[in-house]
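Undergrad: Here is what each chain is made of, one letter per residue.
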Amino acid sequence: MIANAGAVVLLRKQKGLRRELQNRPNLLSIRIAFLCGSTVNEVAAFLELLLLEQGIQPVFYFSDYNKYFEEAVLDTARLVEFKPDIVFVYTSSTNIQGWPLLDTSESDLNAYVVAESMRFAAIWNGLQPLGAVVVQNNFELPAQRLLGNYDAVSPTGRVRFINLLNTEFAREAAARTNLLIHDLNGVAASVGLKAFHDAGRWFSYKMLATPEGSLEVAKSAAAMVLAIYGRTKKCLVLDLDNTLWGGVIGDDGPEQIKIGRETAEAEAFTAFQEYCLQLRSRGILLAVCSKNSEEIARQGLEHPDSVLLLDHFSCFKANWEPKHENIKAIASALNIGLDSIVFVDDNPAEREIISAQLPAVAVPDVGSDVSGFIRVLEDGRYFEPVRLSREDLKRAEQYQENAQRAAFQGRFQNYDEYLESLEMSAEVAAFKPVYLDRITQLIGKTNQFNLTTRRYTRAQVEAIATDPSCISLYGKLTDKFGDNGLISVIIGRKENDILHIDLWIMSCRVLKRGMETVMLDALVAECQSQGIGEIRGYYIQTERNGLAAGHYAALGFKRSGGDDQHQVFRLDLSQGYQPQNKYIKEYVHE
Amino acid sequence: MSDILAELQPIFRDVLDDPALQITRQSSAATVANWDSLAHINLVSAIEQEFHIRFSLSELAELKNVGDMIDLMEQKLAAK
Numbered sequence: 001m002i003a004n005a006g007a008v009v010l011l012r013k014q015k016g017l018r019r020e021l022q023n024r025p026n027l028l029s030i031r032i033a034f035l036c037g038s039t040v041n042e043v044a045a046f047l048e049l050l051l052l053e054q055g056i057q058p059v060f061y062f063s064d065y066n067k068y069f070e071e072a073v074l075d076t077a078r079l080v081e082f083k084p085d086i087v088f089v090y091t092s093s094t095n096i097q098g099w100p101l102l103d104t105s106e107s108d109l110n111a112y113v114v115a116e117s118m119r120f121a122a123i124w125n126g127l128q129p130l131g132a133v134v135v136q137n138n139f140e141l142p143a144q145r146l147l148g149n150y151d152a153v154s155p156t157g158r159v160r161f162i163n164l165l166n167t168e169f170a171r172e173a174a175a176r177t178n179l180l181i182h183d184l185n186g187v188a189a190s191v192g193l194k195a196f197h198d199a200g201r202w203f204s205y206k207m208l209a210t211p212e213g214s215l216e217v218a219k220s221a222a223a224m225v226l227a228i229y230g231r232t233k234k235c236l237v238l239d240l241d242n243t244l245w246g247g248v249i250g251d252d253g254p255e256q257i258k259i260g261r262e263t264a265e266a267e268a269f270t271a272f273q274e275y276c277l278q279l280r281s282r283g284i285l286l287a288v289c290s291k292n293s294e295e296i297a298r299q300g301l302e303h304p305d306s307v308l309l310l311d312h313f314s315c316f317k318a319n320w321e322p323k324h325e326n327i328k329a330i331a332s333a334l335n336i337g338l339d340s341i342v343f344v345d346d347n348p349a350e351r352e353i354i355s356a357q358l359p360a361v362a363v364p365d366v367g368s369d370v371s372g373f374i375r376v377l378e379d380g381r382y383f384e385p386v387r388l389s390r391e392d393l394k395r396a397e398q399y400q401e402n403a404q405r406a407a408f409q410g411r412f413q414n415y416d417e418y419l420e421s422l423e424m425s426a427e428v429a430a431f432k433p434v435y436l437d438r439i440t441q442l443i444g445k446t447n448q449f450n451l452t453t454r455r456y457t458r459a460q461v462e463a464i465a466t467d468p469s470c471i472s473l474y475g476k477l478t479d480k481f482g483d484n485g486l487i488s489v490i491i492g493r494k495e496n497d498i499l500h501i502d503l504w505i506m507s508c509r510v511l512k513r514g515m516e517t518v519m520l521d522a523l524v525a526e527c528q529s530q531g532i533g534e535i536r537g538y539y540i541q542t543e544r545n546g547l548a549a550g551h552y553a554a555l556g557f558k559r560s561g562g563d564d565q566h567q568v569f570r571l572d573l574s575q576g577y578q579p580q581n582k583y584i585k586e587y588v589h590e
Numbered sequence: 001m002s003d004i005l006a007e008l009q010p011i012f013r014d015v016l017d018d019p020a021l022q023i024t025r026q027s028s029a030a031t032v033a034n035w036d037s038l039a040h041i042n043l044v045s046a047i048e049q050e051f052h053i054r055f056s057l058s059e060l061a062e063l064k065n066v067g068d069m070i071d072l073m074e075q076k077l078a079a080k
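Protein chains in written order, with my numbering: chain P, 1 to 590; chain R, 1 to 80.
Hints are not guaranteed to be accurate.
Selected chain R positions facing chain P (Cβ under 10 Å, derived; list incomplete) [claimed, not checked]:
| no. | residue |
| --- | --- |
| 1 | A46 |
| 2 | I53 |
| 3 | S56 |
| 4 | A61 |
| 5 | N65 |
These aren't lab readings, by the way, just hints derived from the structure by calculation. No residue lacks a Cβ here, since even glycine has one placed at the ideal position from N, Cα and C.
Given these sequences and hints, build the entire structure.
TA: Okay, structure coming up:
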């Protein structure tokens, strides 16, 4: 609702909406520090509404106006005390100090780029000890181009200088794990520079942008915050008729559907299919949910011009059941939450049913014209990654392997026999630098098999990896069908001779495979080697983690207090411990 | 009682989040709760957008109370 409202409405209703949204239960609090190169209050107010709608209550810190450098580098006490999770260095082209002078030659230009970017590198270095994620605006193109077209070419041109600085920032971000670039330049361009800048607001309030501009910046920043916390969508569920191809295949016949390059309409459907395939290639799952007979629906994807093939879909539901039932079935088949799904259908009635029946599913108003679908999906920023991990690029394959496993499972007398036959092997070890991105990502997005639902930033994970008072473990699992990747994480904290398990998570794609016993065996071995006599586990109930409720009891922990929402379990190691893993054959515990 | 005052009433109530607020021509930041500098920016921006008018820097600097704003708006709306 917030995401679809215009800047005018939000400006007016901001305080009331904020009050309403703050009444929602279970808000996750995130501490965001703005280091302000201009007045950011309007952006922050919009950002707060957008995050509240997603169940996140931001707590803000604002540096003094234009003291973004000082508070990061020289006088950091107040910022340190705030303990930010995210520091947003909110600078813009107005904050560039070392513009190239008018006599700058081609060979001098690089020195200017280096000098200006070093000023920002000092900020990023200054923020490093905070252990927060640093989000840095790049620079939007200026409102004026003194040299016209030549401004993008001349070594003295500001357009040229900004482009070089932005390239330099991208290079820095690739080398610094805690630095993310917020593409202010892209946002301003998509709003249009004339509609983005407002000289009156700048002189009156030192505010960078128009209300529309501020709102677009806030939407982009909100998508980034959600991505940092792993709250991005995982699956695109697609209708078929008039969504992936033109026409109704059941009525018109498979030869008559519009797809390919022959007409403008067919080309538009082809372009949308290509876009979906690109999403899949970077790790977004595709599924079909269509009112059709399955056999006829499949023929559409066998059309010689179809870009998408049956194999590209991790789940295929074409039948006459209500679509919300099918979407629930897709979520459960893929082991993902309904809130990980985006549903695209040209039919407004179907969209409305899904919105009403499954409010957790994102249902963008894509309209009925396929040529607009991509724009609407892009504007929704549903699939924004912070980084692309190797896991992402392999994900669609892994889900397909899961489908093979399920088919295989049907051939066994009992479950034990099935587990035995999977020829599983695991690797369990303390956090390693190469896996920190994946560990952070898994922590951010695991909601179901998550005992405490605590979230950690990458910086926090990195700190835990080297903290001698913590025991951290990750687990990877391979079987005869393929590599499941890194799918489980434990974070324990030592207090005297007790280990408190602050976090235990596991990806649902390896549920009921015995992976938790491997993890516990490894954890106990590590505890014993460090003289720890008791492990204490916690289950903090949420709306999503019901399937982990019996976790500790099943592993032999004894319930010892707490209420139903916050249960405490103990495992006494002083009487010895019998390893519990049965089916996972070889495991490396380093 | 001008019509503009009546039209401003709900905008002030929304922006300042006070459904019972009664503004008058004499109301100003000094007399109305929550009318701080940020709320002021929101008020000006919301009014500009709702009425499709634009205040200049010098006009904004002259405003002392709601009455001043209404007079200025009347001029601008008449000139449209």
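Undergrad: Next, verify each hint and record whether it holds.
TA: Comparing the hints with the structure gives:
{"no.": "1", "hint": "A46", "result": "5 Å, holds"}
{"no.": "2", "hint": "I53", "result": "12 Å, violated"}
{"no.": "3", "hint": "S56", "result": "7 Å, holds"}
{"no.": "4", "hint": "A61", "result": "9 Å, holds"}
{"no.": "5", "hint": "N65", "result": "18 Å, violated"}
The structure shown violates the earlier hints numbered 2 and 5.
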